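Using the sequences plus the hints, can you model the full thing?
Number of protein chains: 2
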Amino acid sequence: MRQVSITDIAQAAGVSPSTVSRALQDHPRISLERRKAIQALAREMGYRPSQVARSLVTGHTRTLGVAVTDVTDPFVAEVMKGAEAASRKADYGLLFAMSNRDPSQEVAAAQILLDHQVDGMVVISSRANARYNEMLSGRGPKHGSQIPLVLVNNAQPGPNVFSVRMDNRDGACQAVTYLRELGHRRIAFVAGPEGGCSSRERLEGYRQGMAENGLRPDLKLIVTGGGLLEDGPRALRTLLDLADPPTAVLCYNDLAAIGLLAAAAAAGLHIPDDLSVIGYDNIPLSRFTIPPLTTVDQPKETLGRLAVMMCICALNGEPVKDAVLTGELIVRGSTNLHSKEKGPT
Amino acid sequence: MRQVSITDIAQAAGVSPSTVSRALQDHPRISLERRKAIQALAREMGYRPSQVARSLVTGHTRTLGVAVTDVTDPFVAEVMKGAEAASRKADYGLLFAMSNRDPSQEVAAAQILLDHQVDGMVVISSRANARYNEMLSGRGPKHGSQIPLVLVNNAQPGPNVFSVRMDNRDGACQAVTYLRELGHRRIAFVAGPEGGCSSRERLEGYRQGMAENGLRPDLKLIVTGGGLLEDGPRALRTLLDLADPPTAVLCYNDLAAIGLLAAAAAAGLHIPDDLSVIGYDNIPLSRFTIPPLTTVDQPKETLGRLAVMMCICALNGEPVKDAVLTGELIVRGSTNLHSKEKGPT
DNA sequence: TTGAAAGCGCTACCAT
DNA sequence: ATGGTAGCGCTTTCAA
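Residue numbers (the numbering used here), protein chains in the order written: chain A, 1 to 345; chain B, 1 to 345.
None of these hints come from the bench; they were simulated from the model.
There may be inaccurate statements among the hints.
Chain copies aren't distinguished; within one or between two, either way the pair holds.
Stated by the list, open to error - No more than 20 Å apart at the CA atoms, straight line, and that leaves these computed lysine to aspartate or glutamate pairs for EDC-like:
| no. | residue 1 | residue 2 |
| --- | --- | --- |
| 1 | LYS89 | GLU318 |
| 2 | LYS220 | GLU204 |
| 3 | LYS36 | ASP167 |
| 4 | LYS89 | ASP102 |
| 5 | LYS81 | ASP91 |
| 6 | LYS36 | ASP274 |
| 7 | LYS89 | ASP115 |
| 8 | LYS36 | GLU204 |
| 9 | LYS321 | GLU204 |
| 10 | LYS36 | ASP91 |
| 11 | LYS89 | GLU44 |
| 12 | LYS220 | ASP244 |
| 13 | LYS36 | ASP273 |
| 14 | LYS89 | ASP70 |
| 15 | LYS220 | ASP167 |
| 16 | LYS321 | ASP102 |
| 17 | LYS321 | ASP70 |
| 18 | LYS81 | ASP70 |
| 19 | LYS89 | ASP297 |
| 20 | LYS220 | ASP274 |
Just so we're clear, the structure is a prediction, and the values are computed from it rather than from any experiment.
Right, here's the structure in full:
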C-alpha cells in the first residue's frame, strides 16, 4: 500500500475525488458538513497532500530559492535566519544554494534552484551580475515573464527583480563622522570584495564622510580586502607600514574588523588608545570582541524577512516596492578620542 | 507560449515524446544518431526538464532536507556548507529549515521539509527526540518504510536512521589531559545545551579525563550553559565566585569560550596567565580571538558532506554504516602552564 | 529502434 | 453542492 491519496479518501467517504479536493482546500462550494467530515477522515487516514502532484497542475511549487555566497559569513547566516522564518510562516519551502564566493559557482548554484522550479528566488550578498537576468528570463508561468528575484544588498535593474538594501553610503558616512567628532583626521578604510555593490557604496560613504568633514582624502588610507577575517591582519600591516599611519580605521565588515583587532593585539597595539576601529554589520559576535566593537548595525533578519515577503508579494501579483533601510551606528569600546585630543584625566 | 516541453521537442523533431524522453536520459535503446540530434535540438530550444512532472512519476524529488537548530551558529553553518556542496555535486536540491533552538519549532521545521516531499533528510545538532521517528514513519516509496534520516552529532536508533558523529568523549578527554600536562588541577567545564547528545558526551569526556588524570571531581567546577556567546560571561562569573576558582576551563564550544574570553578581558583577567581556556569546534573565528583559542577541531564540512552522502547511499539502497570521527586538539594561545609550575624566565 | 497509451496525484472546468 | 473528465509533463510498460 502506498501513501494515502485523495482518491483513497474519496472511496472511503463515498464521494468523488473532486469533492475531497474541494473539502481539503476549503473551497466555498461545498457543504460545511461534508467538508468537516472529509477533513476529519483525511486526518484520520493520515493523508498528506502531494505537493508534487499539486505543483504539476498549479504550476507553482510553493518553494523559494535562496542563493548565498557563503553561509559561514555571520551576516549571511543572520539574513538567512530571517528568510527562513518568513518563508516557513508563509508555508513556503526554502531551497538553499551556495556559491562559495565564486562567481562561476554562482551560476551553478542558481541553476539548481531553477531546476527545482522554485517560484522565486532571493540572492544574498552576491556580486550578482547581469547573468541572473538572462538565466531567469523565460522562467515563470507566462512566457516572456520570469520568476521574481529579490536581491539583498545588491540592486540591479530588471523586469521582476527587486531589491532590499541598506543605505550603505549613509552608514559609512555616519561612522566617519563619528570618528571625526572623536578628533580623528587620518581615517583609513578597509574595503570589501571587489565588484560588490555594498563594497562600493560603503567606500563612497567613506569618501563622502571624509569630504563632508573636511578631511583630506588619501588614497594610501584605502586598502583592499574581501570582507574576510584574514583581511584584517593584512590590512593592519599595510596601514602600519605607512609613513603617516591612521589613527582610526573603518572596516568593510565586522569580520575584517575582528581580524584586525586580533592582529593589533598580536602587534602589541592597544585598541582603542592606539587605534580606533569600526566594523560594519553588528554581527552577534561584535559584542564579544576585545574590546567590544563599535559598528554599523544592519537589521539582518529584517533584510531576509523582507526579501522573502517581497518575493511572495510579487508572486501574488501584488505591487512591490524596493526597500532601502538605514543602519545605525552602535558605539562600543573599540573607538576612542584621538589621543592628541585627550585631556588629562 | 509556455516553457518548452518534451512534446514540443517531439513535434519539432518529428518523433514521439517517448523517443525524446529516452534520448534525453541516454536510454540504451535508441540510435546514437537520433539521440545526439534530439539532445542538440533540446538544448537549442532551451528545454528544461520539469522536475515536478518527473517527480510525480518517479516518486522521488531529488531533494534532501536539512533541519538545523540555528544557522547562526558557526559550527552549524560550516556543516551546512559541506552538506550543500555534497548535495549540489550529486545534483540534489537542499531544502532548508531551522528551529531556532526551539524543540516545538523543530517539528514544524521538519514538517515543512516532509510536506515538500524530500527524499531524505539530515538533522544538524538537534536534541532530536524520538519524535522524528514517528513523524517519518510511513513516509517513503514503500509503505512501512520511511525516508532515510541522518543525524549529525546525535545518534538515535531507528529504522533507516543513521548518524555521523564525533567522538566527543575523546575530544573532551584530550583537552583535559592536555591541561593536566600543563599543570592544571582545578579544571572547570562549561556545559552545553541540556538534552543535547554532544553536551552529554563532552561532559562525560571531561569527567573521564579528570578521573584518568587523577583529578578530584568537583561538582562546583561544572557550570551550566547553552553553547551561546552569552554563556561565557555567566560561566566566568560563577567560576570566579568560587571559594577555590579553577585555573583552567574547558568550554562546550568555541562560542561559549569566546564569550568567556571577552568577560575575562573586561574583568581584567589575563588569559592564559590567569586562566587557561579551551573551546570546542575550531570555528574559523577561533584563530582570531585574543588570545587565539586552543580548541578541539571538528571536521565540520566533512560532517556535512558525509551526512548527505550517507543519505544518498541509503536512497540508492546501498549499505550505510554510521560514521564516527575523532577530533584533534589544536593548541593556540589561550592555554598556558599553570602559574605555580612556571619556572623563572 | 520507435510509437501509443497509461498513469503518477492532483486541480479545475463543465456539467448537472 | 457534487460528479465526471481532462490534463499538468513526464516515464514506462507494451506493441509494433
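_Output the indices of the hints that this structure fails to meet, ascending._
3, 6, 8, 9, 10, 11, 13, 15, 16, 17, 19
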